[in-house]
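Residue numbers (my numbering), protein chains in the order written: chain X, 1 to 111; chain S, 1001 to 1114.
None of these hints come from the bench; they were simulated from the model. Small disclaimer: the values here were computed from a predicted structure and weren't measured. Glycine is no exception: its CB is placed at the ideal position from the N, C-alpha and C atoms. Errors might be hidden in some of the hints.
Claimed, not checked - Quick list of in silico lysine-lysine cross-link-like pairs, DSBU-like style, CA-CA up to 30 Å:
hint, chain 1, residue 1, chain 2, residue 2
1, S, Lys1036, X, Lys68
2, X, Lys68, S, Lys1018
3, S, Lys1018, X, Lys54
4, X, Lys68, X, Lys91
5, X, Lys103, S, Lys1040
6, X, Lys68, S, Lys1040
7, X, Lys53, S, Lys1041
8, S, Lys1018, S, Lys1036
As the list claims (entries may be wrong) - Some chain S residues near chain X, calculated using beta-carbon distances under 10 Å:
hint, residue
9, Thr1016
10, Ser1020
11, Leu1045
12, Gly1106
13, Val1113
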Amino acid sequence: KNEVEQSPQNLTAQEGEFITINCSYSVGISALHWLQQHPGGGIVSLFMLSSGKKKHGRLIATINIQEKHSSLHITASHPRDSAVYICAVRKSGGGADGLTFGKGTHLIIQP
Amino acid sequence: ETGVTQTPRHLVMGMTNKKSLKCEQHLGHNAMYWYKQSAKKPLELMFVYNFKEQTENNSVPSRFSPECPNSSHLFLHLHTLQPEDSALYLCASSQEGGTSYGYTFGSGTRLTVV
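Just chain S, with the same shape it has in the complex (with noise of 0.2 Å):
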């Protein structure tokens, strides 16, 4: 375990379903992100949270929306989401400011939009 957790580890949902994935971190961080991983790219940065205020929207669509109660949890909500969408979405989290920069990520979900 590497302090940042991410449940589901798998999920398989219809392009009709509405799912949430969701982050947890237990190491004091102030900063939480997603990330989506497709097959032969690069990760892509889809939101950061700062202080639980959204600072980034990559220009994501709007069918994946973003929710952070506070800053040790992140959810991304999933709805109408077509087959492209399918990739490994993977959370992190940073402590920014001070004297210390940790980043570390969780272990990712599986997605497949069927």
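Only chain X is shown next, with the shape it has when bound in the complex (with noise of 0.2 Å):
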């Protein structure tokens, strides 16, 4: 069982619709990132959490340390929102050690 799971694996949805990205995981964390890769393959930094909630224009990210669960939101979706959009946590422990990935989620945001 992979340490950080995410739902679902596939969303489409139709332009205007909100959107939920559900991550969970099952270590002790000191930060939890939300990240998103496009076609082509490079990966950019949506939100770093580590307690409560975070807000940038449309998106909205919260994490509820006790339940080990975080949520990204996107508010009024748009086509260019399509990616994959991966929950990604730093273990607690301190120092490099790299982070642990879900496997992604697959949105598609039709017109």
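Can you join these two chains into the complex? Each is in its own frame, and there are hints to help.
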């Protein structure tokens, strides 16, 4: 079983819909990242969370440390939001020890 | 540009070739990473360098050899690769310690081994 699980794996929605992507993890963490990967491969960091909630434009990320769960929400979705969204955690313990990734959610927003 | 630059963007090499991937960051970060992304699999950590010292080798075959000559540059030397090594190789950097923590990825090198 992966230490980081995402759902759904694939999601197709219509433009304007409210989108939720979920992430659950089974290890102690010091931070959780939400990442966006477009075709071509480059990865962009959307959020880094250690508690609570963050908002950037139409994107909202929340984390519940007790439940070991995070969600990424997209409001008023647009075709340009189509991408793979990846949840990644930095395990607690400190130091540069890399991230552990979920398998990603492939999101398609249709016009 | 994210501040982490990887070259080349695409590479096709034969199994007997020797090639190197390059990563450069000008963010002042003190840790650098190599990750591998294969089809249908999550990203996997390969190597970590913290203050130019290798702190993690995640059971990577010896045909992959990292080099970190300074805190801004990271290389991945490749030799006698196998077709199953074809993947997207991503470099990342982060700032560890102090009061800030940032994590930035490069655009990746798409490697095809023929």
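*Kindly indicate which numbered hints from before are broken by the structure, ordering the numbers from low to high.*
2, 3, 9, 10 and 13
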